[in-house]
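Going by the working numbering, the first residue of the sequence shown is number 55, and it counts up by one from there.
A portion of the hints provided could be inaccurate.
[Unchecked claim] Listed below are the simulated DSS-like cross-link pairs for lysine-lysine, each with C-alpha atoms no more than 30 Å apart in a straight line:
| no. | residue 1 | residue 2 |
| --- | --- | --- |
| 1 | K78 | K58 |
| 2 | K56 | K78 |
| 3 | K152 | K78 |
| 4 | K94 | K154 |
| 5 | K94 | K78 |
| 6 | K58 | K94 |
| 7 | K78 | K154 |
| 8 | K56 | K94 |
| 9 | K56 | K154 |
| 10 | K56 | K152 |
| 11 | K58 | K152 |
| 12 | K58 | K154 |
[To be verified] Just the calculated beta-carbon pair ranges, DEER-fashion:
| no. | residue 1 | residue 2 | range |
| --- | --- | --- | --- |
| 13 | A138 | D115 | 18 to 28 Å |
| 14 | M104 | A71 | 12 to 22 Å |
| 15 | N159 | K58 | 32 to 42 Å |
Read the hints as simulated data drawn from the structure, not as lab findings.
Here a beta-carbon is modelled for each residue, glycine too, at the ideal position from N, C-alpha and C.
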Amino acid sequence: MKDKVAVFAASSRIGHAQVRQLQKLGYPTLAVTRNRSMFKGPEYADVEVMNADYNDRESLDRVLAEVHSVFFQLPEFGAPHETALYARNVCEAAVAAKPKRFVHNATM
55 MKDKVAVFAA
65 SSRIGHAQVR
75 QLQKLGYPTL
85 AVTRNRSMFK
95 GPEYADVEVM
105 NADYNDRESL
115 DRVLAEVHSV
125 FFQLPEFGAP
135 HETALYARNV
145 CEAAVAAKPK
155 RFVHNATM
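Produce the entire structure from the sequences given, and follow the hints as far as they go.
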């Protein structure tokens, strides 16, 4: 069995494409999103969906607790200082969880 992969911003265009591709390749996938309804169809029955708040370290720790790899994309909302804080919070949680891979996606 392949190791579980977490995809942050899973309801974004990039995140959703990553979830679909990971499914196609047979990876257990954890979609981290605020939009759970996007993953309610039968085609997503094997996708685990969780919410996480970028300002809540406990929620980030919970999401990262049992994953092997992480695809992370910063949210496209908020002021620059908030976005920097979100990135720091996720990175600190990832350092503590020690996933084998951490992929930072950018849309620019």
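Taking the hints in turn, this is what the structure says about them:
Among the hinted pairs, K78 with K58 is consistent with the structure: their alpha-carbon atoms are about 14 Å apart, no more than 30 Å. For the proposed pair K56 and K78, the alpha carbon gap of about 12 Å is at most 30 Å, so the pair holds. About 25 Å separates the Cα atoms of K152 and K78, which keeps this hinted pair within 30 Å; it holds. Between K94 and K154 the alpha-carbon distance is near 29 Å, which keeps this suggested pair within the 30 Å criterion.
Under the criterion of a C-alpha separation no larger than 30 Å, the hint pairing K94 with K78 is consistent with the structure, at around 17 Å. Between K58 and K94 the CA atoms are separated by roughly 19 Å; this keeps the pair inside 30 Å, and the hint holds. With a CA separation close to 21 Å, the supplied pair K78 and K154 stays within the 30 Å bound. For the proposed pair K56 and K94, the alpha carbon gap of about 23 Å is at most 30 Å, so the pair holds.
A distance of roughly 13 Å separates the Cα atoms of K56 and K154; the hinted pair therefore holds under the 30 Å criterion. For the hint linking K56 to K152, the alpha-carbon distance of about 17 Å falls within 30 Å, and the restraint holds. Between K58 and K152, the direct Cα distance comes to roughly 13 Å. Compliance with the 30 Å bound is thereby established for this hinted pair. The straight-line distance between the Cα atoms of K58 and K154 is roughly 11 Å, inside the 30 Å bound, and the hint therefore holds.
A C-beta distance of roughly 20 Å is found between A138 and D115, which places it inside the suggested range of 18 to 28 Å. Between M104 and A71, the C-beta spacing of about 19 Å keeps the proposed range 12 to 22 Å intact. Between N159 and K58 the C-beta distance comes to about 18 Å, which lies outside the given range of 32 to 42 Å.
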